[in-house]
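S.K.: One line per chain: the protein sequences are A and B, in this order.
Per my numbering, residue 1 is the first one in the first sequence, and the count goes up by one each step.
Per my numbering, residue 1001 is the first one in the second sequence, and the count goes up by one each step.
Errors might be hidden in some of the hints.
[Unchecked claim] Computed list of lysine-lysine pairs in DSBU-like fashion (alpha-carbon distance at most 35 angstroms, straight line):
1) Lys1101/B - Lys154/A
2) Lys1101/B - Lys1072/B
3) Lys1072/B - Lys154/A
Bear in mind the hints are in silico, worked out from the structure with no lab data behind them.
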Amino acid sequence: MGPVYYAVWTASFALQVYIVARALLRREFFPYLSINIFVAAMALRDVSQYLVLMRYGFASREYTYAYYYSDALLTVLMYLAIMYLAQQVFREMHIGRYVRWVTAGLLVGTALFAGAVIQRNAGHLASRFVVELSQDLYFVGMVLTYLLWVAVFKLRETRTRLVQLVLALGVYFSATAALWALRNMFDSTHAIAAFALTLLGVLLPAAWAYTFTMVPEEARLAPAGLAEEAAARR
Amino acid sequence: MTAALIFVVSMVFFVQFFVWYTRSVIQASAKHALSDSVREITGIGADPVGASQFGRLLQLAELCPGSGSDEKRILAVRAYFQGLGVVLSLIPRVPTRALAKAAAWIDREQASCAYFAATALDRRMAYSRTLLSHGARA
């Protein structure tokens, strides 16, 4: 691992700490609870991965386990973030209870699926199947984000913050799923995919940090304007 | 086979999400009315901002010191502009209605990017002015 990796890692960690610290200082931690928990977990994952890397080395089995397990756990937390955003979108329809049930069902389903896969492949966890598992988890995340975006669009949600949080998540999930799939198809892309995944790890906190910093809570935009072909505004 | 399918679908979604995300950033800047000083300095005048002015406006914005908070957005919009340019260059010069519509759409999108660059310049100029006035007072 070269200095570029460490620089990207440091930038990612700094952005994650910034988002959580800013939320705490501005008393926005609880209003965006799931997102802040997810970002805090990202920071925690980075620290734990760094410690394992320093102690056991990049090529060690311990680092491989730490990397894949923490990533799978983070994906589950990311589902929670999606469901939080869904609750915000459906707020006025008073169906928050159903969204929570769907979240719980999804979490249990994902855990059972992952558990079954792990049990069946316990002997070679660090091999091909973890790549496949990550690819599937991110793909499901991407589909969920897309469904959420459709809801944003159909319900004419106008909160700029919410729209940008959802879209940044969509960019992250789709790019990550594509990278895992690429790695699954071609083993030789391992190094490129690993670096691209590290870069993506910066982009999501960067996009969210921008949204929380630059977009005020009361800012509004029309999502229809983002999708329509005729964008002639001037 | 499944991996290939997931790759293709994810790439399609990625492009779509990226376009929407960049547009949401650009749309926020579209509400910002350009100041007279920026219109005068850049020579835009009262005309609408055109796609061809993107490069020059971005260069001017980069020359102007700013708070650094808009760098990520500039990066995303520049990537979007260049991506659109690549697509435009791939469109064959055969005059069909669909292709002409696509080219016109790309031109409008690139003009939005240029407007974004102008607003970035405007904000940076305002930032520099504030810095200068603080310096003069100190």
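S.K.: Given the hinted pair Lys1101/B and Lys1072/B, is their Cα-Cα distance within 35 angstroms?
M.R.: Holds - the C-alpha atoms of Lys1072/B and Lys1101/B are around 30 angstroms apart, at most 35 angstroms.
S.K.: Please work out if Lys1101/B and Lys154/A have their alpha carbons no farther apart than 35 angstroms.
M.R.: holds (26 angstroms)
S.K.: Given the hinted pair Lys1072/B and Lys154/A, is their alpha-carbon gap at most 35 angstroms?
M.R.: holds (29 angstroms)
The earlier numbered hints are all upheld by this structure, with none contradicted.
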